[in-house]
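Visitor: Protein chains in written order, with the working numbering: chain A, 277 to 510; chain B, 226 to 1268; chain C, 202 to 284; chain D, 55 to 177; chain E, 1480 to 1783.
You may find that some hints are simply not true.
What the hints assert, rightly or not - Think about it this way: if two alpha-carbon atoms lie no more than 27 Å apart in a straight line, the pair counts; the simulated DSS-like pairs of lysine-lysine are:
1) B:Lys329 x A:Lys359
2) D:Lys83 x B:Lys326
3) D:Lys173 x D:Lys112
4) D:Lys83 x A:Lys304
5) B:Lys426 x A:Lys304
6) B:Lys1052 x E:Lys1781
7) D:Lys110 x C:Lys226
8) B:Lys1240 x D:Lys173
Quick caveat, the hints were computed from the structure, so don't treat them as lab data. Keep in mind that this is a model prediction, so the values were computed, not measured.
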Amino acid sequence: MLRNSLILLVLLGFAAAIFPLLHSYEAKDALTGVAEHYANYGKEEVGAANLVSAVVVTYRGFDTLGEVTILFLASAVIGLFLKASETYTKDTRSVFFKSTEILVTASRLLVPMILLLGVYIFINGHLTPGGGFQGGAVIASAFALLLLSRPQKHFSHKVISVVESISGISFVFIGLLGVLLAGGFLDNHILAMGKFGTLLSAGAIPIIYILIGLKVGSELTGIVRNLKESQKEG
Amino acid sequence: MVAPIYIIATLLGVAFGLGLFGKKMNSSAGFLSLLALGFASFISLEWLAGFWLYDRAAEYIYTAGFQPPFSINLLMGKEEALFTSLINIAGFFGAVYLWDKLKKIGSNGYVTLMGMILGLNVIIMTRDLFNLFVFLEISSIATAGLIIFSQNLRTIAAGFKYMLATGIISGILLLGIVFMYYFTGTLNIDDFLAVHSLAVKGFGVAVFFVLIAIVLELKPFPANGWGLDVYESADSGIAALISAGTATASFFVMYKLLPLGTPQFHMVLAGIGLATFIGSNLMGLKQTNPNRLLGYSSIGQVGLLVTILGLSEFLGERTTFIAYSILISHFLAKAGLFWISGIVKRSTIKEWAVLRNSRLLMILFGVFVFTLIGFPPFPSFFGKWDMMLQLAASNQYFWIIGVLLGSLLEGVYLFRWLGYALKLDNTELPSFEVKWNKVLPVVVFGAATFVIGYFVSSIHPYAKVINYIPLAVALAFVLIDFLPAYVKNTLAILAMAYYYYYLYPTLSSFGAVFGAIFMVGGIVTLIAGYAYKGQRRGFYPFALMMFAGLIGLIEAKTTIAFFYAWEVMTVGSYFLIIRGKKSMPHALSYMIFSMGGAYLMLAGFAIASVGQFNLDMSTLSHVLVYPTWVFILLAVGFMTKTASLGLHIWLPGAHAEAETDVSPMVSAILLKAGVFGLVTLFLAMGDQLIGGEVSVIYLLGWLGAITAVMGNLMAAFQEDAKRLLAYSSVGVLGYILFGLSLMSHLGWLSAISISVTHFMFKALLFLAIGGVVWRVKTKEMYRMGGLIKRMPFSFFSVLIGIIVLAGLPPLSGFSGKWIFYNAIMMKQWYLQGALIFFSGIVAFLYTFRLIHSVFLGQLKDEHREVKEAPFWILVPQYLIIGVLLFFSAVPNSLLKPIGKIITPYFPVGALDWTGQHAVSPFGYWNGLVIFYIVVSIFLVVLVWLIINNRRAQKVKQFNIVFAAERPFKPETTHYAYNFYAHYRKAIGILVEPKITGWWEGVAEWAHAMGDKIRKIYNGDGQSYVIHIMAFIVIIYLISFGGF
Amino acid sequence: MIYLIIAIVLGIIMLVAAVIAVYNKDLKTAIIAAGVTSLFASVLYVLLAAPDVALTEASIGSGLTTLIFFYVYNKIRRNNAQE
Amino acid sequence: MQLFSIEYISLVVGFLILLIGIWGILTRKNILKMVIGFSLFDTGTHIIIVALGYVKNKTAPILNQPDLQTDTAHKIVDPVPQALVLTAIVIGLGVTALMLVYAMKLHNEKKTLNIQNYKDLKW
Amino acid sequence: MGTIVTKILYALLTLFIVTNYGLILSGVVHKIGARVGRRHGIRFYQPYIDLIKNYTFRTRITHGIMYYIGPVFRLTGGIGLLLFLPVIYGSPVFDNFSFAGDLTFVLYFQFFGVLGMALGAGESGHPYSALGVSRGLAQTTAMELPLTLGVLALAVQYHTLNIHDIVAAQQGSILHWTLFTNPLAAIAMMLSFLAMMGRSPFDVVLAPQEIPIGPPTEYHSALLGVLQLNRAIFPAAKLILFMNLLFGGATNWGELIIKTFFIYMWSVFVGIAYPRFRVDQSVRWYLGIPLLIGVAAILVVKYF
């Protein structure tokens, strides 16, 4: 109990420490700083209707590259972790519940639709909410559903990693093209800006988002697959 | 110039691409990864070279084609180039080292490794705070992956703790970053630096959270249990990467963000760093697991670096030099040590004796240990020097004490470890596998310590002038170590002789006297080295290194050169001392006391430099601040070498257990380095008053007198012949200290002349006794006896030696005593004088005991066939005897020149010489006449006796009258054990080892403290998180004083 | 105003769910409660004019994360059952 | 400052969830519960970030309406925190997944999820 | 050349006188001791007889070179000490070699013979020799302390370490003797003197009454003769030293004999009155009251 009271004390201290942050919060009524610039010039500079996408893919594109790398690394580490006990026993049981006929049928129907949704999300990332990450996650959930419904299904590690690799390399390559052809690493001006608000606009953003979507999708799928296919006890 | 963005593109591209490689292509994946890491190293090194050689301007790398702050930008400046070079080189050699392991793991392993290096590269270069967060996460996740390269309970548990800790830390970092954005509307670091004085309290708190998160990444004490577990459990190759790579990069982040903190926070930071430095080194004392120990050391060193950052206001423009030289030393040494640990694969430091199987690794191990602690010629030496000087210049004495204390603690466990490796008695030394890919990185880093050490010294404004030639010659002997001993001995003697010939014209004043002791003395003692057969590996480099240091002391024109030479000498002598069979614990205490003394000297020199325009030795004569403290610090520093009472406990063991010809080197020659230091100090600074009243030199005089008495008393109670001689050195050095403290012509004359004669008789005695020990294989005197019959030449040496030592007329030892009493009378230090006289009489006790127990009395059965000491050990003895007899008959041949040297400094009270007749204000003395008279009387009496007692018949050993029976066993008839039992009964209370006990108590206390403190690392990952949170709260309270 | 009420209700639900997630003995419930917190957070994001974030939180924060939690939870449970 | 505004409520809720998460990390002995604590900690942080970017009565930063395309700075909420949160969520997923795998492996070693049973390394 | 020959002849004269005086003194003291103890005692010329007897013994054995030359050291020490002292104040004849060294030298030179002898005895291999030496050295360390302090006090008082000057300063009146001008130093030195003479209570070193102990244990015949000769000369030399330092020296042989006799009697009477100390007892005793007196003497001359 003493331990818990001490922890409570620490937590209260921490709360007290962050209190000034809350305390000095003031509602704004207009954008300031870099956000103002993004709002006012983002349209001309990047050409993406979705300013969040503009920030994510272009202004802070380098972060996004890092983000992709994190997922990639997490997937690699998990692979490394679970591979050590490499004896694949095909785990045919479902994780949550017995796979039923209904589920199997439903998944047959649903999976392609979900995949399509995912693709839609990342292709339209520069126009509507969503983008590569969300799309990738949706794709991964499609595969997760597949795994749920048909546990005996074993999809090739190879395919996943090839997709992952190619999309990753392409991402870096496009970034480098920015250095060679435009203003810097990950500059989206390597392609024509197109007409604002249409699918083929915003330079390289759609392409990058597609690559991100594929990469994130394959990485997340890889994580799920690895978890599933690791040795029975793990 | 290849654009730095290619570092990132290459590493990422290859990492992504490795997915295309199948399992069968692990080797090619490995080569590709190595290539990528090598290319990254090449790019950063190319930039570094560009900055260094061509003075390029720093270059910004813009992403996305926009200017910051609107997009993320990276900076490749001089510092970034340096740090990325370090990281990439660590990555490259780390990969080489881990080659086998990586091959087994496959592409995921390479990906993880490259991911980590990539993350570290970016956090060094980026100028965007959120970007920093992202890539910090990358390196964290990659590290979490690296930890489980070897999967077992330990690594997994450690990895999980690591994840818990970094999870919390990054959460807090993120919180801080978004609030900083909220308050300023930007994420660019350069913008923050421009607006950091924003008066909103919330902004300060946000900055605090960012900074504290970075601090926590640096594993501050006590919120660092997770880091230690990682160091202990992870594969050594990984631990090397974390210690060399992650710590280096995190340090740079701290450096980069430092201007965000208020001056107040900088002080807090310095405090955190110092607590970490001292705390983790204290806890390291009890540690036996090598990797965890390295972890403690690593965390401690990073703590020191944090302190340096926190104190940057005081360190001024030298901050970078100081930080970088220490950082690079740590980088190279820690990586090297972890790598060696991975090759050796032993779970306790005591088992490191196996390192003796590989000479190369042993050498490298030593190099890294000395690099880490900051000995010359390694870079951190210069860093520490500058740090102390700058701190002193800013009046920051608290930090000086703290940093030196922490360094000392670190030295204790590192040298203990080195001692175990070199000398611990292990019955079996199982061999270990040495693969070229594991050794190569270690060798490269080991060589780099020297190269960078030289480089650092060449850019240091004052270190440039140091003469490196003697040291280089000493190191050259490492290369010819395979030659037979006699060849190397000849070369060493020639080298010394040549250097003395070269040096001789430049020597003057006291330099000439001590130069003669060091160089001529060195040559004479080296002659005994011919007695050794075989190769005698590892002796000559260190012997010459010690002499190089001694020479350097004399040559030194600046304080840094002096200190440099002092440390070189310490290193050389340490290795000489540890060569003895049972020297391990003694070498350790020698090293610890030497370090302690050296640190005091460092502090002294630092304070002395305040307000001076240069570092010339002459600045000591006009110290501007705290001259008394400077004087005391330097004096105590020198007195650790002269083994004054209280600081003497290392000496007996170190000198007694050393090899036959090493004992005279360390006892007769090395101790004079301390005397030389005192001479220099006294001349430069004169007397100082404590609180304007008590003279320091007066106190030193008392100390010298008491040391003389206690040293001699303790010598009288020794059973071990060499230990007896060692204590005798303590006593004689007490005389010398006393003589110097008299600060008069005669006082100095006696002190300097005793220094010279002490060299001669102590070398003589140690060589003679060493020769005896060489033959009879024991140092216990009561196991010897009657050896005069077997070793008459050695006996004669000892006889002459003890007569000189005891200061009996007519031999030259008396001249010192006679001058002494005149000096005492003139100074009016009567009570001290009586003590000195008393100690002189006590000297009779042990001199008699020495010669009686060894050479007189009953010859033991097992020694009936024992041979005279080796010829080459006798040769230097008789050279010395010749000189001693000459000085006895013609004392002014020694005293007059010394007097001439002293006169410019102490013109009053010089002796008045008429031929050999010396007259002082109090008395007179004619050595030559006395010599003649005594010899004539002796001869007359001898003739008279021979007339009366011709053809005396030699009787057998047991032909003695012994209470009605005839003894037959030498063991029971030889009165030698506990020779002065009754004396011990009378005054034994004085010689109880209270001082030794006190120091042991201190050591025990420190170990117990460390043991107690480290209990906070209870192994519970949750507790570690609690520590982190509590740490944040406490530092918050300190920084903001509540709210 | 209606948004405000919704936000308050959401906040209360999230807090309750968070407390359940920390305190409930049953791991399965706890995982679901954490997922619920995340899910309702995504609703809150919509109110905060952040559809992108809402989408992400829903798909990743409450979706995939919970899924992985359950994977691991089941593995562990099964592992326990085997012993 | 208006206490009853949507962004302020979100901010407070975010902070509270964050604290609950930390409390969970610090007090729960079950490793999975600790990971849940982390997950809550992340969620809380994300809410705070989004709330910080909110500007009263402004629309989402998606310029699909023509009237949004002029004087945009006064019409939309801050897109930057949203972008940051996107990144943070994904990072959170990676970290959480890795932690869970660690938890799984730990359980594999000792068949227990109690963090206090993993004290083999200490001092 | 001539001066050297003269010097040597003068020295031999001194030596001759002092040797005879020493031998007779030793006999007389034995006699007195015996009479006090109500015994008849030896004839006062007994030492001469012993000496002659020892030199005529034909037993000639040796344990080795050091054993053989040990007595030589011993006697050299005794003769040397005598000859380095100015014996008769103001007389160039009996000034001998005192020009070669001052008081410091003399104080150190007294150990020359002692230690040489110790070495010789050591080679005999007899444990009692070594035991005696060890006791003697131990006692010496303690005994020398008050002596040194006293000598230093003298040197301060007279501002010289030259024995001539010290004697000169005491001339004129009995009240000029150091004994009266510096009583503390005199007391300290006279206490040390007791042990220097090797008489009870400080005679455990040689322990003559019970089992033979100490360096001479193993010596015999001519070797013992040399030692006996020294036993006559060495104490006499020490007496002369103390006389010079404390009792105004002597201007003629008569004065010398009277003064030294009474000084000797001091140790004889104390020896007869007090039983023997163990070595550790005597060491402690000297480090007690005599030491304090010596320190007091120093403090007095330094500060008053």
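Visitor: Give me the numbers of the hints this structure contradicts, sorted from smallest to largest.
Guide: Structure breaks hints 2, 3, 4, 7.
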